[in-house]
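Chains A and B are the protein sequences, given in the same order.
By this note's numbering, the letter at position 136 of the first sequence is numbered 136, and the numbering carries on one by one without gaps.
By this note's numbering, the letter at position 235 of the second sequence is numbered 235, and the numbering carries on one by one without gaps.
There may be inaccurate statements among the hints.
What the hints assert, rightly or not - The calculated lysine to aspartate or glutamate pairs, modelled on EDC-like cross-linking and capped at a C-alpha distance of 20 angstroms, are:
{"#": "1", "chain 1": "B", "residue 1": "Lys-293", "chain 2": "B", "residue 2": "Glu-171"}
{"#": "2", "chain 1": "A", "residue 1": "Lys-124", "chain 2": "B", "residue 2": "Asp-236"}
{"#": "3", "chain 1": "B", "residue 1": "Lys-343", "chain 2": "A", "residue 2": "Asp-183"}
{"#": "4", "chain 1": "B", "residue 1": "Lys-124", "chain 2": "A", "residue 2": "Asp-75"}
{"#": "5", "chain 1": "B", "residue 1": "Lys-379", "chain 2": "B", "residue 2": "Asp-236"}
{"#": "6", "chain 1": "A", "residue 1": "Lys-179", "chain 2": "B", "residue 2": "Asp-183"}
Derived from the structure by calculation, the hints contain no laboratory data.
2 protein chains.
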Amino acid sequence: MKSILILGGDGYLGWPTAVFFSKRGYSVTVVDSYFKRNICKNHNINTLYPTLDLVEKSKIWYDLTGYEIKVVICDLRNHEEMRKLFTSSIKYNFAIDHKFTGIPETVIHYAEQPSAPYSVYDYKSANFTLINNLSVTNNLSWTIKEFDKNIHIIKLGTMGEYGTPNIDIEEGWIDINHKGRTDKFLFPRQASSLYHTTKIMDTDLLWYYVRTWNLKVTDLMQGPVYGNITTDTEIDDRLKTSFHYDEIFGTIINRFLVQAVVDFPLTVYGKGDQIRGYINISDTLQCIYASEKNPPKNGELKIFNQIVETFSVNQIADMIAKAGNEMGIKVKIKKIDNPRKEKEKHYYNPVYKGLKEIGIKPKLMTNEIIKKMIHEVLKYKNNINKDKIFNGIKW
Amino acid sequence: MKSILILGGDGYLGWPTAVFFSKRGYSVTVVDSYFKRNICKNHNINTLYPTLDLVEKSKIWYDLTGYEIKVVICDLRNHEEMRKLFTSSIKYNFAIDHKFTGIPETVIHYAEQPSAPYSVYDYKSANFTLINNLSVTNNLSWTIKEFDKNIHIIKLGTMGEYGTPNIDIEEGWIDINHKGRTDKFLFPRQASSLYHTTKIMDTDLLWYYVRTWNLKVTDLMQGPVYGNITTDTEIDDRLKTSFHYDEIFGTIINRFLVQAVVDFPLTVYGKGDQIRGYINISDTLQCIYASEKNPPKNGELKIFNQIVETFSVNQIADMIAKAGNEMGIKVKIKKIDNPRKEKEKHYYNPVYKGLKEIGIKPKLMTNEIIKKMIHEVLKYKNNINKDKIFNGIKW
Numbered sequence: 001m002k003s004i005l006i007l008g009g010d011g012y013l014g015w016p017t018a019v020f021f022s023k024r025g026y027s028v029t030v031v032d033s034y035f036k037r038n039i040c041k042n043h044n045i046n047t048l049y050p051t052l053d054l055v056e057k058s059k060i061w062y063d064l065t066g067y068e069i070k071v072v073i074c075d076l077r078n079h080e081e082m083r084k085l086f087t088s089s090i091k092y093n094f095a096i097d098h099k100f101t102g103i104p105e106t107v108i109h110y111a112e113q114p115s116a117p118y119s120v121y122d123y124k125s126a127n128f129t130l131i132n133n134l135s136v137t138n139n140l141s142w143t144i145k146e147f148d149k150n151i152h153i154i155k156l157g158t159m160g161e162y163g164t165p166n167i168d169i170e171e172g173w174i175d176i177n178h179k180g181r182t183d184k185f186l187f188p189r190q191a192s193s194l195y196h197t198t199k200i201m202d203t204d205l206l207w208y209y210v211r212t213w214n215l216k217v218t219d220l221m222q223g224p225v226y227g228n229i230t231t232d233t234e235i236d237d238r239l240k241t242s243f244h245y246d247e248i249f250g251t252i253i254n255r256f257l258v259q260a261v262v263d264f265p266l267t268v269y270g271k272g273d274q275i276r277g278y279i280n281i282s283d284t285l286q287c288i289y290a291s292e293k294n295p296p297k298n299g300e301l302k303i304f305n306q307i308v309e310t311f312s313v314n315q316i317a318d319m320i321a322k323a324g325n326e327m328g329i330k331v332k333i334k335k336i337d338n339p340r341k342e343k344e345k346h347y348y349n350p351v352y353k354g355l356k357e358i359g360i361k362p363k364l365m366t367n368e369i370i371k372k373m374i375h376e377v378l379k380y381k382n383n384i385n386k387d388k389i390f391n392g393i394k395w
Numbered sequence: 001m002k003s004i005l006i007l008g009g010d011g012y013l014g015w016p017t018a019v020f021f022s023k024r025g026y027s028v029t030v031v032d033s034y035f036k037r038n039i040c041k042n043h044n045i046n047t048l049y050p051t052l053d054l055v056e057k058s059k060i061w062y063d064l065t066g067y068e069i070k071v072v073i074c075d076l077r078n079h080e081e082m083r084k085l086f087t088s089s090i091k092y093n094f095a096i097d098h099k100f101t102g103i104p105e106t107v108i109h110y111a112e113q114p115s116a117p118y119s120v121y122d123y124k125s126a127n128f129t130l131i132n133n134l135s136v137t138n139n140l141s142w143t144i145k146e147f148d149k150n151i152h153i154i155k156l157g158t159m160g161e162y163g164t165p166n167i168d169i170e171e172g173w174i175d176i177n178h179k180g181r182t183d184k185f186l187f188p189r190q191a192s193s194l195y196h197t198t199k200i201m202d203t204d205l206l207w208y209y210v211r212t213w214n215l216k217v218t219d220l221m222q223g224p225v226y227g228n229i230t231t232d233t234e235i236d237d238r239l240k241t242s243f244h245y246d247e248i249f250g251t252i253i254n255r256f257l258v259q260a261v262v263d264f265p266l267t268v269y270g271k272g273d274q275i276r277g278y279i280n281i282s283d284t285l286q287c288i289y290a291s292e293k294n295p296p297k298n299g300e301l302k303i304f305n306q307i308v309e310t311f312s313v314n315q316i317a318d319m320i321a322k323a324g325n326e327m328g329i330k331v332k333i334k335k336i337d338n339p340r341k342e343k344e345k346h347y348y349n350p351v352y353k354g355l356k357e358i359g360i361k362p363k364l365m366t367n368e369i370i371k372k373m374i375h376e377v378l379k380y381k382n383n384i385n386k387d388k389i390f391n392g393i394k395w
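Construct the entire structure; sequences and hints are all you get.
Rendered as structure tokens:
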């Protein structure tokens with residue numbers, strides 16, 4: 001039985017990833033500090049529907065399927081807490097068998113503060129984002145060096161690391177010809193938030209450890225994810241992953257879906273010509289799974305661009321408006337002053353072939369999928385707090 | 001009277017920088033947490049000669065010259081401590097006039113853990129290096145955004161950020177032509193220690209804030225510094241800057257000078273063909289001064305490569321051996337297994353024109369300068385603890 005450790009297992013992607021691997025016969029342990037829940041409490045943010053905590057969800061998952069997901073609640077900024085996960089001094093907050101599972105073959109590292117607006121909200125949230133995100137990656141690297149350099153780290157990066165350069169975006173690496181000489185480098189990166197900048201730093205940090213200690217790392221440059229439906233969590237509503245529509249943690253498509261159903265004009269920032277790569281949450285799971293099955297060699301940093309298609313903000317707004325209108329919901333679109341500092345008109349041509357080469361079958365956005373998502377959101381329409389949709393966190 | 005704030009004012013470069021600006025009529029405040037002194041205490045490291053603390057040195061400087069250098073001892077990882085430096089709630093540990101000087105025109109930011117070996121010594125020193133270096137830069141950026149975006153930040157980077165690429169190293173920026181399109185980027189960087197990697201991250205962090213908040217930053221990519229003689233500190237031995245010859249904080253030339261006088265064969269790591277750019281400590285002061293006089297515009301990140309010439313390790317060892325032998329000291333050279341992970345044979349062609357263009361007159365290494373430095377070290381020969389010269393911190 002292959003053993004897998006998921007850091008940040010309570011998150012939007014962490015929980016469905018845990019369920020996905022559990023269902024496929026892996027021995028899964030999830031770890032979280034609940035900081036996102038705490039931020040939400042402090043900012044009075046509710047998700048579209050309440051989400052049970054990890055212990056509760058894991059109990060339900062076990063009761064329904066007989067599969068055990070072990071749970072540890074701890075703060076991985078603390079190196080000793082990280083070390084414990086790799087030793088028999090681990091204390092599970094939930095387990096059926098409390099015996100230590102053993103050192104994992106793979107660690108999936110989602111344990112980062114994932115919000116761009118939150119990262120620049122004030123100096124405290126900035127410091128938290130910077131220190132949390134880099135400490136966890138650093139502690140993980142040192143721990144893996146200590147215990148077993150063959151453990152595969154799968155780390156979530158972001159397409160935002162690249163920003164919007166005027167040249168084609170390659171998958172992580174670029175050959176630069178300069179004054180008649182050539183070398184291969186990490187693709188140059190320049191992000192548009194502090195959060196995204198911590199991901200650039202993470203990549204530099206991991207690449208340093210990979211080449212110094214021969215670690216094995218896959219860095220997945222993911223675009224904004226949308227949706228909440230993943231096959232394995234569909235068996236019970238209580239297993240659904242969290243769905244944020246607030247300005248801090250909501251990703252653009254999910255926010256727009258909620259705005260559509262409560263007659264809140266879709267908030268297009270600036271001109272709306274900002275293009276990004278997008279991915280359905282169920283494809284995220286496919287990508288993580290394929291990455292797990294195709295580990296790098298020791299001393300190799302594999303980078304994939306984890307998107308399946310690109311859209312401008314205007315295109316997204318138009319697609320959602322069209323689907324909504326066909327469902328009898330009147331969807332308005334409103335261009336507002338861009339609270340973000342970003343290019344609103346830019347070249348964008350990213351390569352994203354690597355994941356398809358290892359077997360991903362992309363689930364592209366369709367009118368039908370949007371309607372299914374709107375239908376899902378409509379079920380919880382009464383929970384939506386319109387005050388939390390947009391307050392204009394600026395940077 | 002122009003006001004200048006020097007973070008890390010107790011360090012090898014911090015103190016002589018303070019004296020330099022003080023002598024030239026600037027109102028100078030130095031800040032330090034003494035962490036380097038504490039590390040030295042914990043690791044039982046002594047410098048070539050004892051160095052007085054900042055309060056003692058500033059008192060002497062005032063007694064001898066009538067110039068006041070104000071001193072604050074605090075930990076700038078704490079954002080509130082950073083903020084206080086910009087307000088009348090500042091508490092000086094030493095001052096002649098305890099009234100707040102006012103918001104500085106320039107901040108020189110040296111407040112980082114500067115040792116590559118220490119940064120990879122163990123997970124604690126790694127975490128400290130990462131968190132200290134990035135927190136201080138982050139806290140400084142937020143504070144300057146809050147108080148006055150026209151304050152010029154001069155930040156010490158390192159040539160080590162670039163590593164040893166197979167293409168010419170430009171000054172900070174590069175135009176990349178790729179598949180028929182062009183854009184300008186930070187020069188790609190890939191360092192050979194965690195410390196150097198934190199400097200890459202620093203540059204990314206500052207560049208993010210520069211373009212987001214229109215800050216004014218100069219990032220100086222400095223090579224290893226050598227020497228301890230700076231004109232203004234020569235008036236009294238008690239004002240000399242610290243001189244480290246230990247494996248943790250000693251820079252290569254200073255270490256070799258000490259090894260030469262105590263008959264400890266010069267420790268050439270590996271083949272000795274590693275080429276780096278070097279600079280005399282008195283030129284560091286010139287460069288900082290010229291940078292202060294030539295601030296960037298708001299929204300501009302100026303990058304200079306702060307070196308004046310390049311040498312291989314073998315060349316340095318040979319120069320020191322030659323000078324020593326001419327002085328009647330028998331200097332041996334010994335190639336030892338490289339404890340570092342670095343290329344020992346590589347292309348190296350860095351550009352370093354920018355600082356000359358703003359007036360720097362480089363003080364190049366000569367046989368005479370080496371002899372003067374050996375003479376200086378000989379004065380303190382009896383203080384040297386040979387056990388601290390090399391213990392082989394590996395990475």
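Right, here's what the structure says about each hint:
1. Lys-293/B x Glu-171/B: 19 angstroms, holds
2. Lys-124/A x Asp-236/B: Not satisfied, since the Cα-Cα distance of roughly 44 angstroms exceeds 20 angstroms.
3. Lys-343/B x Asp-183/A: 14 angstroms, holds
4. Lys-124/B x Asp-75/A: 16 angstroms, holds
5. Lys-379/B x Asp-236/B: 15 angstroms, holds
6. Lys-179/A x Asp-183/B: Distance of about 16 angstroms is within 20 angstroms: holds.
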